[in-house]
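Numbered according to the working numbering, the sequence shown spans residues 1 to 289.
Treat each hint with caution, since some may be false.
[What the hints assert, rightly or not] Calculated cross-link-like contacts (lysine-lysine; reagent style DSSO-like; alpha-carbon spacing at most 30 Å):
| no. | residue 1 | residue 2 |
| --- | --- | --- |
| 1 | LYS190 | LYS164 |
| 2 | LYS161 | LYS190 |
| 3 | LYS105 | LYS220 |
| 4 | LYS100 | LYS161 |
| 5 | LYS165 | LYS190 |
| 6 | LYS190 | LYS252 |
| 7 | LYS161 | LYS220 |
| 8 | LYS220 | LYS100 |
[As the list claims (entries may be wrong)] Quick list of the computed label-pair ranges, beta carbon to beta carbon:
| no. | residue 1 | residue 2 | range |
| --- | --- | --- | --- |
| 9 | GLU160 | GLN78 | 23 to 29 Å |
| 10 | GLN269 | GLN78 | 55 to 61 Å |
| 11 | PHE201 | THR127 | 37 to 43 Å |
| 12 | GLU110 | PHE283 | 39 to 45 Å |
| 13 | TYR288 | GLU112 | 21 to 27 Å |
| 14 | LYS165 | ASN225 | 21 to 27 Å |
| 15 | GLN223 | PRO157 | 20 to 26 Å |
| 16 | LEU126 | ALA241 | 36 to 42 Å |
| 17 | ASN225 | LEU245 | 39 to 45 Å |
| 18 | PRO262 | ALA241 | 21 to 27 Å |
| 19 | VAL261 | TRP189 | 21 to 27 Å |
| 20 | GLN78 | PHE194 | 41 to 47 Å |
| 21 | ARG116 | GLN269 | 24 to 30 Å |
Don't read these hints as lab results, they were simulated from the structure.
Keep in mind the model is a prediction, meaning the values are calculated, not measured.
Glycine included, every Cβ here is placed at the ideal spot set by N, Cα and C.
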Amino acid sequence: MASAATSHAVRPAINATNCTTASHLTRRLSSATNLSLVSLRAIPVQCRSRSSVSNSHRLRVTCNAAKPGSQPAEDPYQVLGVRPLDSFDAIKVAHRRKLKEAEGKGDEAEIERIDRAYDAIMMRQLTQRKQGVTFGSLKVSEDIKYADQTDVLPWRPRYEKADKKGILINAAVSTVMAVWMVGAQNTEWKILQFLISFYIFQLFMKLDPFYPQNTEEGEKRWQRNGRRLTRALGLVFGVIALASLVHTLLIKAYSLAGMYVPRALYTFQETFITLFTSVSLFFVGSFYR
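Please model the entire structure based on the sequences and the hints provided.
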């Protein structure tokens with residue numbers, strides 16, 4: 001009887017000791033790991049004897065921790081104020097504009113944030129350039145996709161579709177000029193002069209986002225506008241030169257083939273060149289830069 005009483009007295013002591021040990025271990029783990037959130041779940045301890053205490057006792061610790069002060073990563077497109085669908089040139093322009101604003105304020109942290117966002121966008125697109133896509137069906141800009149290749153003709157016209165309003169304006173002007181040319185007489189060169197002036201202005205304005213002012217090299221505003229104007233003049237007069245070349249090649253082709261050259265090619269030379277220029281300038285002004 002004495003032995004049984006002693007056994008019953010020892011069991012509560014064992015349970016109390018083990019529970020105290022588990023509680024102490026829990027506090028030690030919580031303070032040592034310095035976690036932001038610790039969820040502790042312990043399986044109830046049933047101690048039948050001293051030898052079975054260590055086997056039956058199970059302690060499971062589930063830790064949902066985060067770095068102290070950590071924040072979700074920023075969207076680099078929101079930092080620069082652009083969209084994933086924007087072109088490489090538009091992203092570059094936005095980066096320069098944001099950087100200039102931050103430099104004007106002297107905000108070093110903002111400058112670092114802008115540069116980090118720009119680098120993240122470039123790296124995100126560069127990692128996918130072999131596949132030619134970034135977000136779904138979005139095509140990588142040619143400047144990024146072939147950044148490691150030398151451009152043989154850097155001055156060539158590049159595809160850049162204008163907005164819907166710009167395309168409609170170009171179509172309306174070219175159509176009106178064509179109708180005017182057909183209905184009137186001896187006005188071809190006046191129409192051509194108007195087309196030249198109009199499309200030089202249209203292309204000059206269209207090129208504005210693609211010629212940001214290079215403040216790092218001390219570029220002046222008139223130098224930037226000069227590059228835009230030179231590009232616009234080159235595109236417009238290049239189209240006129242192409243129209244004249246096509247007209248001349250048609251006459252030469254008839255002559256080399258031993259065929260009679262149509263009189264209309266001589267009589268309506270101005271009309272042919274003006275009409276060809278009007279149609280060509282519409283496509284250049286609407287879909288190229």
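Tested hints:
Taking the CA atoms of LYS190 and LYS164, the gap is about 28 Å. The hint holds against a cut of 30 Å. As the CA atoms of LYS161 and LYS190 are separated by approximately 28 Å, the hinted pair is consistent with the 30 Å bound. Between the alpha carbons of LYS105 and LYS220 the distance comes to roughly 21 Å, so the proposed pair stays at or under 30 Å and holds. Pair hint LYS100 plus LYS161 holds up; C-alpha atoms about 28 Å apart against a cutoff of 30 Å.
Between LYS165 and LYS190 the CA atoms are separated by roughly 26 Å; this keeps the pair inside 30 Å, and the hint holds. At most 30 Å may separate the alpha-carbon atoms for a hinted pair to count; LYS190 and LYS252 meet this at roughly 27 Å. Taken as a hint, the LYS161 and LYS220 pair is honoured in the structure, with Cα atoms around 28 Å apart against an allowance of 30 Å. At most 30 Å may separate the alpha-carbon atoms for a hinted pair to count; LYS220 and LYS100 meet this at roughly 15 Å.
For the hinted restraint 23 to 29 Å between GLU160 and GLN78, the CB-CB distance of approximately 25 Å keeps it satisfied. Remark: the range hint 55 to 61 Å for GLN269 to GLN78 is upheld by a beta-carbon distance near 56 Å. In this structure the hint that PHE201 and THR127 lie 37 to 43 Å apart at CB holds, the actual value being about 40 Å. Hint check: GLU110 to PHE283, Cβ distance near 42 Å, so the stated range 39 to 45 Å holds.
For the pair TYR288 and GLU112, the beta carbons lie near 37 Å from each other, so the given range of 21 to 27 Å is not met. Separation of LYS165 from ASN225 is about 23 Å and conforms to the stated range, judged on CB atoms against 21 to 27 Å. In this structure the supplied range 20 to 26 Å holds for GLN223 paired with PRO157, their Cβ-Cβ distance being about 22 Å. In this structure the hint that LEU126 and ALA241 lie 36 to 42 Å apart at CB holds, the actual value being about 38 Å.
A hinted range of 39 to 45 Å for the beta carbons of ASN225 and LEU245 is inconsistent with their spacing of about 30 Å. For PRO262 paired with ALA241, a C-beta distance near 23 Å keeps the hint of 21 to 27 Å intact. At about 23 Å, the beta-carbon gap between VAL261 and TRP189 stays in the expected band of 21 to 27 Å. Checked against the hint of 41 to 47 Å, the C-beta distance between GLN78 and PHE194 comes to roughly 44 Å, which is consistent with it.
A hinted range of 24 to 30 Å is violated for the C-beta pair ARG116 and GLN269, which are about 59 Å apart.
In the structure shown, a violation is registered for the earlier hints numbered 13, 17 and 21, in ascending order.
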